[in-house]
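> Sequence:
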Amino acid sequence: MYVTGISSKSIIEKLPYEKIDVEYRRFPDGEMYIRFEEKIKKIRELLIVQSLYPPQDVHLIQLFFMLDACKELNINVHLFIPYLAYARQDKRFKDYECISSKTVLNILNSFNLKSFYTIDVHEKKLLKHIKTESKNVTATSIIGRYLREEDLKDPVIISPDKGAIDIARRVAEILNCEYDYLEKKRISGDTVETRPKNIDTRGRDVVIVDDMISTGGTMARACEILKKEGTRKVLAGATHLLMVGGAEEKLKGAGIDKIFGTDSVPHKYSSISVAPLIEGELKIML
Numbered sequence: 124m125y126v127t128g129i130s131s132k133s134i135i136e137k138l139p140y141e142k143i144d145v146e147y148r149r150f151p152d153g154e155m156y157i158r159f160e161e162k163i164k165k166i167r168e169l170l171i172v173q174s175l176y177p178p179q180d181v182h183l184i185q186l187f188f189m190l191d192a193c194k195e196l197n198i199n200v201h202l203f204i205p206y207l208a209y210a211r212q213d214k215r216f217k218d219y220e221c222i223s224s225k226t227v228l229n230i231l232n233s234f235n236l237k238s239f240y241t242i243d244v245h246e247k248k249l250l251k252h253i254k255t256e257s258k259n260v261t262a263t264s265i266i267g268r269y270l271r272e273e274d275l276k277d278p279v280i281i282s283p284d285k286g287a288i289d290i291a292r293r294v295a296e297i298l299n300c301e302y303d304y305l306e307k308k309r310i311s312g313d314t315v316e317t318r319p320k321n322i323d324t325r326g327r328d329v330v331i332v333d334d335m336i337s338t339g340g341t342m343a344r345a346c347e348i349l350k351k352e353g354t355r356k357v358l359a360g361a362t363h364l365l366m367v368g369g370a371e372e373k374l375k376g377a378g379i380d381k382i383f384g385t386d387s388v389p390h391k392y393s394s395i396s397v398a399p400l401i402e403g404e405l406k407i408m409l
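Residue numbers (this note's numbering): 124 to 409.
Hint data in this document are derived by calculation from the structure and do not stem from the laboratory. Just so it is clear, the structure is predicted and the values come from calculations on it, not from any experiment. Everything hinted at is true.
Derived DSS-like pairs (lysine-lysine); straight-line CA-CA distance at most 30 Å:
| id | residue 1 | residue 2 |
| --- | --- | --- |
| 1 | Lys251 | Lys132 |
| 2 | Lys406 | Lys142 |
| 3 | Lys391 | Lys375 |
| 4 | Lys247 | Lys194 |
| 5 | Lys225 | Lys258 |
| 6 | Lys132 | Lys165 |
| 7 | Lys406 | Lys132 |
| 8 | Lys391 | Lys356 |
| 9 | Lys225 | Lys248 |
| 10 | Lys254 | Lys165 |
| 11 | Lys381 | Lys356 |
| 12 | Lys350 | Lys373 |
| 13 | Lys164 | Lys194 |
| 14 | Lys132 | Lys225 |
| 15 | Lys375 | Lys285 |
| 16 | Lys276 | Lys373 |
| 17 | Lys237 | Lys142 |
| 18 | Lys391 | Lys247 |
| 19 | Lys351 | Lys276 |
| 20 | Lys254 | Lys237 |
| 21 | Lys214 | Lys285 |
With the hints as constraints, model all of the structure from the sequences given.
Here's what the structure looks like:
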């Protein structure tokens, strides 16, 4: 198998496949230029790894240019997008809106992909729009293995809401520990209490997990709640560390003891590589 990509070079370097170099540069007017090295003309099958973290639109155009060049060369492309941008715009919230996630996937369909993979997509039902073999791969296995190396005291895995409970459950199964989610309870007409639904976290270490940390507001509020409950230590982790809008400052201000995530989005806290996930899926496919 041969592999290439532009936005995810650090991931590609960890994969045990022959690399295809791709030249990327900009013209003086800002337009992009893409060119594969000459040996691509002899290739019939190629893995493209291209994550769509910010600036999303730049990484999308890079991807479209690569895919179009491959289509003209009659190359079968297996596409692995670690972070799929626009996945949160999965339905029309207001009249006349563009459903941008569907638009992106429709364009990808035009390149006749051999297979399509992504990691912990925000809305799983999006993959129904892909007209080829597709899979949403979960990063919970590598997150669980990472947390095994942490010196956690009587750990509890917590999701910030019920929607992410499956992530918490899968990580907890690897660590053989308890899991829960934060639940809002109305105490009186104007008072709402948020706390773990079932588990007492006093004196214990808690790991809050989610598919992504964007602005950090959800994680910060969760940490503040858990610290008030008497939690010993709070770690915040996610598959995708977008970390925008002052997220780091919010998390540290809330008392988070450690931030971690995968390298689907490059960041100083991206301490877990998704390369083993990609390699594992390719072994199954091949």
